[in-house]
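Colleague: What follows is each chain in one-letter form.
Number of protein chains: 4
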Amino acid sequence: MCAIVGVFGAKKASTVAYYSLFSMQHRGQEATGISVANGERIAVYKKRGMVADVFSQATLDTLEGECAVGHNRYSTAGSESAGDAQPVFAKYKLGEISVVHNGNLVNKHEVRNELIDNGAIFQTDMDTENIIHLIAKSQKDSLEDRIKDMLTKIEGAYCLAIQSRSKMFVIRDRFGIRPLSLGKLKDGGYIVASETCAFDLVGATFVRDVKPGEMLVFEKDKEPKSQMVFENVDFHPCAFEYIYFARPDSNIDGKNVYETRLEMGRRLAKETPAEVDIVLPVPDSGVAAARGYAEALNVPFEMGIVRNHYVGRTFIEPTQEIRDLKVKLKLSPIKHLIEGKRVAIIDDSLVRGTTSKQIVRMLKDAGAKEVHMRIASPEIKFPCRYGIDTPTKEELISTKYTPKEIAKRMHADSLGFLSIEGLKASLGNDRNYSLVSFDGNYFAGGNADSPSCGDC
Amino acid sequence: MCAIVGVFGAKKASTVAYYSLFSMQHRGQEATGISVANGERIAVYKKRGMVADVFSQATLDTLEGECAVGHNRYSTAGSESAGDAQPVFAKYKLGEISVVHNGNLVNKHEVRNELIDNGAIFQTDMDTENIIHLIAKSQKDSLEDRIKDMLTKIEGAYCLAIQSRSKMFVIRDRFGIRPLSLGKLKDGGYIVASETCAFDLVGATFVRDVKPGEMLVFEKDKEPKSQMVFENVDFHPCAFEYIYFARPDSNIDGKNVYETRLEMGRRLAKETPAEVDIVLPVPDSGVAAARGYAEALNVPFEMGIVRNHYVGRTFIEPTQEIRDLKVKLKLSPIKHLIEGKRVAIIDDSLVRGTTSKQIVRMLKDAGAKEVHMRIASPEIKFPCRYGIDTPTKEELISTKYTPKEIAKRMHADSLGFLSIEGLKASLGNDRNYSLVSFDGNYFAGGNADSPSCGDC
Amino acid sequence: MCAIVGVFGAKKASTVAYYSLFSMQHRGQEATGISVANGERIAVYKKRGMVADVFSQATLDTLEGECAVGHNRYSTAGSESAGDAQPVFAKYKLGEISVVHNGNLVNKHEVRNELIDNGAIFQTDMDTENIIHLIAKSQKDSLEDRIKDMLTKIEGAYCLAIQSRSKMFVIRDRFGIRPLSLGKLKDGGYIVASETCAFDLVGATFVRDVKPGEMLVFEKDKEPKSQMVFENVDFHPCAFEYIYFARPDSNIDGKNVYETRLEMGRRLAKETPAEVDIVLPVPDSGVAAARGYAEALNVPFEMGIVRNHYVGRTFIEPTQEIRDLKVKLKLSPIKHLIEGKRVAIIDDSLVRGTTSKQIVRMLKDAGAKEVHMRIASPEIKFPCRYGIDTPTKEELISTKYTPKEIAKRMHADSLGFLSIEGLKASLGNDRNYSLVSFDGNYFAGGNADSPSCGDC
Amino acid sequence: MCAIVGVFGAKKASTVAYYSLFSMQHRGQEATGISVANGERIAVYKKRGMVADVFSQATLDTLEGECAVGHNRYSTAGSESAGDAQPVFAKYKLGEISVVHNGNLVNKHEVRNELIDNGAIFQTDMDTENIIHLIAKSQKDSLEDRIKDMLTKIEGAYCLAIQSRSKMFVIRDRFGIRPLSLGKLKDGGYIVASETCAFDLVGATFVRDVKPGEMLVFEKDKEPKSQMVFENVDFHPCAFEYIYFARPDSNIDGKNVYETRLEMGRRLAKETPAEVDIVLPVPDSGVAAARGYAEALNVPFEMGIVRNHYVGRTFIEPTQEIRDLKVKLKLSPIKHLIEGKRVAIIDDSLVRGTTSKQIVRMLKDAGAKEVHMRIASPEIKFPCRYGIDTPTKEELISTKYTPKEIAKRMHADSLGFLSIEGLKASLGNDRNYSLVSFDGNYFAGGNADSPSCGDC
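Chains as they are written, first to last, in my numbering: chain A, 1 to 456; chain B, 1 to 456; chain C, 1 to 456; chain D, 1 to 456.
This list has only true hints and no planted wrong ones.
If chains are identical, the list can't say which one is meant, so a pair holds when it fits in one copy or spans any two.
Mimicking DSS-like on lysine-lysine, the simulated pairs with C-alpha atoms at most 27 Å apart in a straight line are:
#, residue 1, residue 2
1, 400, 381
2, 326, 184
3, 47, 91
4, 140, 93
It is worth saying that the hints were derived from the structure and are not from the lab.
Isolated chain A, as found in the complex:
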């Protein structure tokens, strides 16, 4: 997961990057950072925490320059170190460099081991450090050629923004797995961002999506130079961005996320209808699919579960009641709506099943006569290795149980998934979407045992 942004040719590049990252906070809340280049040097500021907490006006004021790259880091278990925040900065033969990265390299261990055999040292576990080492070790003369050289050595999913003191390079992998769009700022200058919602906030105009296998080079007083840096381009955008990761107001590779989810809900209703009195979403990610589901079945849709947004960091030992049903800290059912009814509850996906089980119990406690769980995506049977943080195969509930068995385990009256075909149809049947978590087709290399997407 994670979000990246690159801004070039803007007077307050760091402020534009700040608001872009702010609008993409949902893609990563563990750490954030921005680096700026002013032609003469690169300055970096990064820290654990959310965008609005990490940056003060005083900090942004120190980040002067017309080019900025920024990053939001997704929280993954076990990583506690501020050193794991991006951008990653280094001094190397051609000067200074700063890199942000969204994705996952499937051959990271091979690359790292070879680098280490040749005397490289590593201070973090991040892919990004590999990338900088490969650039620094390249024998090419220009940074552009060194980047191309580096790209021949990495495999997997990635979107990169790389900053030297005076240029910016933006690359999307040849499968176009992770999203990346190009926009134009009102006062001149360009922006690239993981999601178009960033453009809406900072008032940028959407220009186009960055193409799979494309490198954009930004240089002062020139138009961005586009070049295709791979011979084989094979577009496989990640289906999960649509299913739950991206913000509903973003358009990913030309398709609006909310509308896609609506369609998933409608198809889910056709494939696995339920005789119910009311349709409820698991907020917020299940809302659009639930809307589509209810519409297709012509059953009332209600926001029957309230989400508590005031969740803090402090852990207070709960009372027994809360300990048994932790989901209540985040979600509260509206009993009046639910009591005595047959309820369809719509979630975007089913991973471990832990929370879903609690939701079923919570709805039954609230008086639901029947609870029919519907998942607006297929059964997850394989760990994604292309940038979506998934647990190991063993932890995925759908690798061990059939939908019927799962329904029984979670005391739901029924459980239904969207089929892979249904998902494809919802997405438009126009592209070979990355469906690796559902079909195990590791088209971009790697397999279920490859390095997990811990580092974004």
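Use these hints to put chains B, C and D onto chain A, whose structure you have.
Modeller: Frame of chain A, contents of chains B, C and D only:
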């Protein structure tokens, strides 16, 4: 606004109070506090900030005792002092006392002036300090009698929980303006709280609402003693709790908030329908009414505006684009849903009109062909003096302009309000709700020039 | 203990107060605060922590006005509440008032009980709250008369600075127990402070000491008005200020502290000489007396114990070695100087004896052949009730053991105290100093069982 | 400057390292860090701030293992980044490594450029990163051999503690410029530290100083293995450790610091006596020399300048008075001692002369009839390149002016320095001390234009 909670006879009373306040965070985010009594002394902890930030496990561990009272304070302009947090604690003739209060005393200045003339000192501007002084100055022998004495001297809206070292007293004013419910804890003990959503989280069973003019006395090893402490009881629960203040899963005086809002939306549709292609709520408070509105008109309802919940405290000087349209930091429209459509946008109420104007512009910028704003409550023409923080009469847009004029000023294609009759009907026509903001009937004393509800 | 400051008629009164409190940090490190009056209102800022940590430039900028009063609070066991910081502010009949206080009222419980019987409420245990109540309850018309009224009701040791919106009143009790001096600021305006070291830092000129029983009234465009507010004045300045509490560069009631300590050391040498090779002080408070002791005996004085000033707040579980000898975290002996030598170690006073015992052991561990402890003040046999925080009589080692017994218990080769006569002679034999800790003469009321000096 | 510590074979190695760093806080207050190895992995914690603030018990509890290395970083202008704290950790071919370093490499730029030419990347400006790169790039099989390889490539002053998952290597450069001592812990295990004061606090027994050019290898269940890793050893311990840097209770290479300073003061008196009434030190570093100076001249020594230890981080805009004489925030003269007297003021060294000029003015303002400044070390005419942070040649006042001219500029009645011969004699004439700042003899390579000692 504000929330209060009282817990009696529970082993971990402070933990129960903590989670209750956590579930009522929406009623006040400026400051929070809990005091506990253990039979021998009262201990208090209060601080600016939200519940989950203010309390740590270590802090709660110091708050031992079987009786706790707690408070969330609503943020009102100008109050910066931690001293304004509640509970308010004092030592006085009968020992120690701690008080939490939700409401607004309309005769606070008269009371205060008289106290001051008699040599009292005040350290804050809070009603609560008046209340404690009146108790301390009473010549009665018992705390119970002193409280009754005090109640003869205050006017307005209030719910109180008052704690001595070994007892707890809970009072709801004789109009029952602010909500207050009684629940029973699983492991024994009682809880009173402003909203029933607190009971759901801590696993308490709803017993009944506290009656207007009722005082409950909690004492060790006894059942709560109920007594009516006013001769004239005249029930006027606040309509605003239903309109926007309470959480949708709470039941206020026997009515579910979400369902009431649904009905407001349905009646709004009948009273002021709009020929539109899509109905959108202003999230989150307009969701239920929008659902009802769409249902009644049989037009698609969509969550077409995304709310950003990651708003922090740091102010970063925005780019020009954001400065012009600050609402974008909090709300983002889904352009794809809106482009080329006639849109009805449903909000719960219209106060100053500033944000609504920006929302109309945002929707038009997103491509809406027409924007019809509908407000699921009547025109606000009078400042509430009974606990809802409203601006002065001059700042209320509906005191100066007709709906048509307002629509024009905000560039909306039309603007409609729910009528007072429609509101009453939505609420069931069964009670004399407090409609003071709409009809100027200051039934509980005071008038538009009374002290504003600054202190909750 | 504690420090107070009052500034009147200065453009940046809060900055002058800040630096004054900064220079008197040694008198109290638990909490600090400043209030300012600008003719129209009083603003207060106070918090736990040291002066340089509590106040930022931004905070001081909010404290505008030409009159400021400030306070440093001494750390006393058990008081954890920020509410116990001073100044104490209140609104009362004549407007607003803010008070700072250094001292201890011996009749505080009687005063408080009477106030409480008459309906007063208290939020802290501080004397200062008593004082404000007495002023608020007075029936006199002017603040000045109310203050005089209040002074007839309190007993004990006190220096007060009382601020209304436009005036400042400064009072020193009729025994002059605690120190207070008047200075003139360079740019106009006056300053009163507990110690003259404050004048030196802010560039004020010493005018004179405030007299025992004197009240100074400061008013705009007038010279300070002096009046004696007691008929019986009986000057008893506290000997402990000279012994260890005041800063060596301060002059207390006309005598320099360092020089007085030098003389105590010289007289100590005459009264209880030791055959030693080297004289060491317990840093920093024993330095001057050790210098005098060494000079009188013509033995080398060395700073043979290094004090560690980097002591933080975090407690880390020590290794066994450190647990046994905690004084090592703060004091380190220079072994080379000490090895094989007969050492005299000079401390300012002996209270419980705990640290002294560890110092003796530390010196013996460092190789001292003999350790002779000398105390540059008499045996403490009574708790002070006039503003010096002393433990109960039972905890004072000199109430239970003779010097010989104490020496044995702490494994010192000898132990000697300065006699009461010697102390008087060191101070000049010119006044009746307060020697209550040594002679039990509670001249200003109270006795060993009076309220302890917990609140300064 | 800076401090290092290494602990091997101790159960609570991180606690021992913590207290060692705590006792060496005077060597560096900008940042601190500890890493521990437990045979299987290395864990690091480092942060800006002082030891007692950076580490909590909870943090130390996460640092489990029997081997710890730690570091205090000296504050140098311009370095703001937490990334510049030590230990520096890296993964490399042989596993994990963590390094702490005290000193300065004079050929750091040549080394870095060569590494960069070969594709290395750097994330900080620290020497330590060079050292790790050189170890990682070495073709040798064992870490021990790689370290030796690295040592052939670096020049300058250094003490190193290098930790693998199971071993610890300690090296002192072949000139022995920076101090390093070996101690034995009470409960088994060894400790090496920059200063022996660390041993005193943690209860370790001094074993011996690490020899110039020696490498100690610590391995489980073995005695430390000593080997000389250079053919040419040429002992030049740094004179500045004795002059002002080390703590007076430490013994550096067998000589006690306090006693050496006493002797410098005595010799200073012989070389440049002053007809004065009183001798004062600039506290704290001038104390011992002033004692020696006073003793030799038989003039009274007094602690006539009080040092304020409560200096915080917040900057408050001072009053004019303080702005003109900032030294007053830290130092306060005792006027009574000084008025009308001829004063000798003793400082350890004279670098830029800025503070000294203010001290002279402060003493004159305090009424001194004459002020004779004496410096207990020679004129500093060259920047040290061996680990003492000195400004550029241009900023050193003694490169531009004679003592007489300086005295005039600072309005002192006279100024005298200790001669180089006098310094040598005070140190015992037994070794070729590093006197580079005084004589410009860059015996260990480098020159006045070499990289400055910014990184310790």
